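**Student:** What follows is each chain in one-letter form.
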Amino acid sequence: MIEGILIGLTTALTFQNIFMVMIGCFFGTIIGMLPGLGPMTAIALMIPITYGFDPATGLILMAGVYYGAVFGGSTSSILLNAPGVPGTVATSFDGYPMAQQGKAGKALAIAAWSSFAGGTLSAIYLLFMAPSLSKVSLSFRSPDYFALMILGLTAIAAFSSKGQFLKAMMMVVLGLMLASVGQDSLSDITRFTFNNMNLTDGISFVLVVMATFAMSEALTIILKRNDPTAAAKQVSLTELGSIKINKEERGKMYKTIPRSSVIGFLIGVLPGAGATIASFLAYGMERNLVKDEEKEKFGKGSVNGLSAPETANNAACSGSFVPMLTLGIPGSGTTAVMLGALLGFGIQPGPRLYMTNPEIFWSVIMSMYIGMVILLILNLPLIPYIARILAVPKNYLIPLILFFSITGIYVMSFNNFDIYLMIGIAVVATFLRLYDFPMPPLILAFVLGGLMEENLRRSLLLSNGSWEFLWDRTLTVCILVTTILIVLWHIYKTLTKKKS
Amino acid sequence: MKLIKSFFSVLFSALLLFSTTTVNSIAIEKLHFVIGGGAGGGWDGTARGTGEALTKAGFLKSASFENMSGGGGGKALAYMINTKPENTILVQSTPLVLRSITRHKGYVSGNGTLSYKDVVPIAGVIGDYGAIAVAKDSPYKNFQDVVDAYKANPSSIKMAGGSVRGSMDHLIGALAFQAAGANPNDVAYIPYDAGGKALAGLLSGETQIISTGLGELMGARDQVRIIGITAPERVADAPDAPTLKEQGYDVQFVNWRGFFGPPGMSNKDKKAIAKMLGDVQKTPEWEEVRARNAWVNIYNPDKKFVKFLKTQTKEMTALMKKLGVI
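Chains A and B are the protein sequences, given in the same order.
First residue of the first sequence? That's 1 in the numbering used here, and the numbers climb one at a time after it.
First residue of the second sequence? That's 1001 in the numbering used here, and the numbers climb one at a time after it.
Isolated chain A (complex conformation) (with noise of 0.2 Å):
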């Protein structure tokens, strides 16, 4: 290993090497900001050019632009509520309250650190262990997976507290239903679709995002403009700015981002999980793990929520690369795109590549450590620059945000019709989030409720009909033990509160 290590080193750190982790993580970066645009579409438009270098240096670079997104895609959801890559959704949970409260700066700076030691600590497992953790890729079958999309769903007690329970449950059957739409994904049978082509693909996890958070966000803001308590939030500018993170701060965020980056890295490594689902099984595992007083600040601007989905998406992102390099199997989209440019580079991925081609496996880890370094010395110093976005008068912020919501979501697709239909789940997010209803909850539901139902139907095809999948392997039993109990924990909690 130690010459593996080497052998990667040295390529890793030649200048042109060197100069790709660079020019990877700059594009990342601006692709990750820009709601819509992807990391899977800019490496897809990218393979043409990587092919005029030799494997490892395309592969250099196109792992920068995928982890190089993530990081950059925190900015546009702490600062406008508008993810600009599905991994970072979580980050706005309390990102977003944190810049309204006139500490921009500090959660950018909060969001970035998580980032980057997210990103550093996996990469360290992922030198330690990558040749043991195929077997961690393969270890989950379809009844665990369905478990673990259950366990995933008690996060959303953190947006149902304080008599908001029955809103946040509505708003879950309400994603359960947009989930719903489309061809489902076991038989060929298309659902709740009217007959309407443009939905028989289903409705875009992105779309979703954006009208439900960026556009109804910017909607209430127009419709809320006279509102006089909106215009007593407007909260002084001064510290908006300002990157310093406190000690308090600091001790929470040692504490966080261990255990979420040991999450985010393991359901990264799952193919049938990815950054998305590791954000937001961290956010929900954090908040059972913190003190109550800071429980109560999830969702309101808590720094442990704000850092535990940014150290697992991060985390989650380099965890991908463990199936797609040692096992030539493909976790998502972007994770595909690069397996293809690997197999037109002629690299033959799986177990040996250790062997066939070490400075290919090494030289891309060693380049995520460099990588990381470089997005912290990149986005640090332009906290505070980026951060005065929000002094922009809000005359010309809102349509700021709308253009790039619209124009995000067609470059996605192509399609007008996605428009449309952005415009209309907007509409009635904002009235919904005039009368209180929480809107992650929806998220959540959208995202883990599709996979929970096609593994959850799949689990019953291989088990031939009978629900004995439930308790036949150790490790459903496991994950599902965990969700009962942190259920009945919280509802002992609950209990014993309501008598003192």
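Rather than coming from a laboratory, the hints here were simulated on the basis of the structure.
Just so you know, these numbers come straight off a predicted model, no measurement behind them.
Cβ coordinates follow ideal geometry from the N, Cα and C atoms, glycine included.
There's no promise every hint is true.
To list a few chain B residues with every Cβ distance to chain A over 10 Å, as calculated [to be verified]:
#1 Lys1030
#2 Ser1064
#3 Glu1066
#4 Ala1078
#5 Thr1102
#6 Lys1141
#7 Asp1148
#8 Lys1158
#9 Pro1191
#10 Asp1240
#11 Thr1283
#12 Lys1304
#13 Lys1314
Here are some, though not all, of the chain B residues that point toward chain A, as calculated from beta-carbon distances under 7 Å [unchecked claim]:
#14 Ala1039
#15 Gly1042
#16 Asn1067
#17 Gly1196
Given the coordinates of chain A, work out where chain B should sit on it, guided by the hints.
**Tutor:** Quick look at chain B alone, frame taken from chain A:
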């Protein structure tokens, strides 16, 4: 700098070429490719790769591309039929045939299901054969072993695939079992929502075999044993993968990708484009693109292509009836 420039030019051509629709004069001066899916997909790669080879080899002055997602490609197909754009061709593949059979999810336009007959088939250019594989440590060494195990205990074989019931992945496996004398409808097919997820399902041990496109398995060649491909003879990119035919199962299936013109395209234009698509396959420029994507050349022009589509429609209709998906 070159990199940044070319990155932006690619990016912006993707964004801006949307507006280039009116093109006239000589047939092969300019060609506009309509792609029914997003960047990075199979159709996208085929169109952009073909366009690149055609322009580099000097057959075509300029190629432009337009992504038009929606309805699993139906949106783009309807666009071709309704607006009949000039000097524009559409990239499509086997789903065009399959969707014209399954009415309830077909490319519907007003009063019926759209098929290849509604556009002008120009030529099939590349293809991917179907493949059946097991995990490397599987006790099954060839397709016969799988069939024997299935016949002894039908529930012992679960077949993974990267798409829904009645999709291409399902049909590939069903064809093979049908050729072995089994009722394809009795074989348990386990659908996943992507080829990669189906592979993970196979390797995690929840299914015993996988039925999908050969291209989908190339990345995981070290983890799987391909026990049968649906090609007439072994292919150069995977010489150790036996054909089903050589094992005594008469199965042939190719997931073709090809180009179609709008209805009313003149015979002269069609022939010229078909010829160009065939000639380009002999050039080193094409070979470079082909090798990079591990495509299999299956040049199949004009009338031959129409005949092939007719046969495939007939065969698939029969099979899908048996499977109860229509």
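**Student:** None of the hints should be skipped; say for each whether it holds.
**Tutor:** Here is how each hint holds up against the structure:
1. Every CB of chain A lies more than 10 Å from the CB of B:Lys1030, the least distance being 20 Å, so the non-interface label holds.
2. Look at B:Ser1064: its CB is around 13 Å from the nearest CB on chain A, clear of 10 Å, so calling it non-interface holds up.
3. In this structure B:Glu1066 is not separated from chain A by more than 10 Å, as the shortest Cβ-Cβ distance comes to only about 7 Å.
4. The Cβ of B:Ala1078 does not lie farther than 10 Å from every Cβ of chain A; its closest approach is about 7 Å, which violates its non-interface assignment.
5. Not every C-beta of chain A lies more than 10 Å from that of B:Thr1102, the closest at about 6 Å, which undercuts listing it as non-interface.
6. Taking the minimum C-beta to C-beta distance to chain A, about 20 Å, the non-interface status of B:Lys1141 holds against the 10 Å cut.
7. Chain A leaves B:Asp1148 outside its interface by the beta-carbon criterion, the shortest separation being 21 Å against a cut-off of 10 Å.
8. With a cut of 10 Å on Cβ distances, B:Lys1158 falls inside the contact zone with chain A, its closest approach being about 6 Å.
9. Residue-level check failed: B:Pro1191 sits 5 Å from the nearest beta carbon of chain A, not beyond 10 Å.
10. The claim that B:Asp1240 lies off the interface holds: its Cβ sits roughly 13 Å from the closest Cβ of chain A, which is beyond the 10 Å cut-off.
11. For B:Thr1283, the shortest C-beta to C-beta distance to chain A comes to about 17 Å, beyond the 10 Å cut-off, and the non-interface label holds.
12. A cut-off of 10 Å between C-beta atoms confirms that B:Lys1304 is not in contact with chain A; the least separation is 30 Å.
13. No Cβ of chain A comes within 10 Å of the Cβ of B:Lys1314; the nearest lies about 20 Å off, and the non-interface call holds.
14. Taking 7 Å as the C-beta contact cut-off toward chain A, the hint placing B:Ala1039 at the interface holds, the least distance being around 5 Å.
15. Checking B:Gly1042 against chain A by beta carbon gives a least distance of about 10 Å; that is not within 7 Å, so the hint is violated.
16. Because the closest C-beta pair between B:Asn1067 and chain A is about 5 Å apart, less than 7 Å, the hint holds.
17. Hint status for B:Gly1196: holds, given a least beta-carbon distance of 4 Å to chain A, under 7 Å.
Hints 3, 4, 5, 8, 9, 15 from the list above are not met by this structure, while the remaining hints are.
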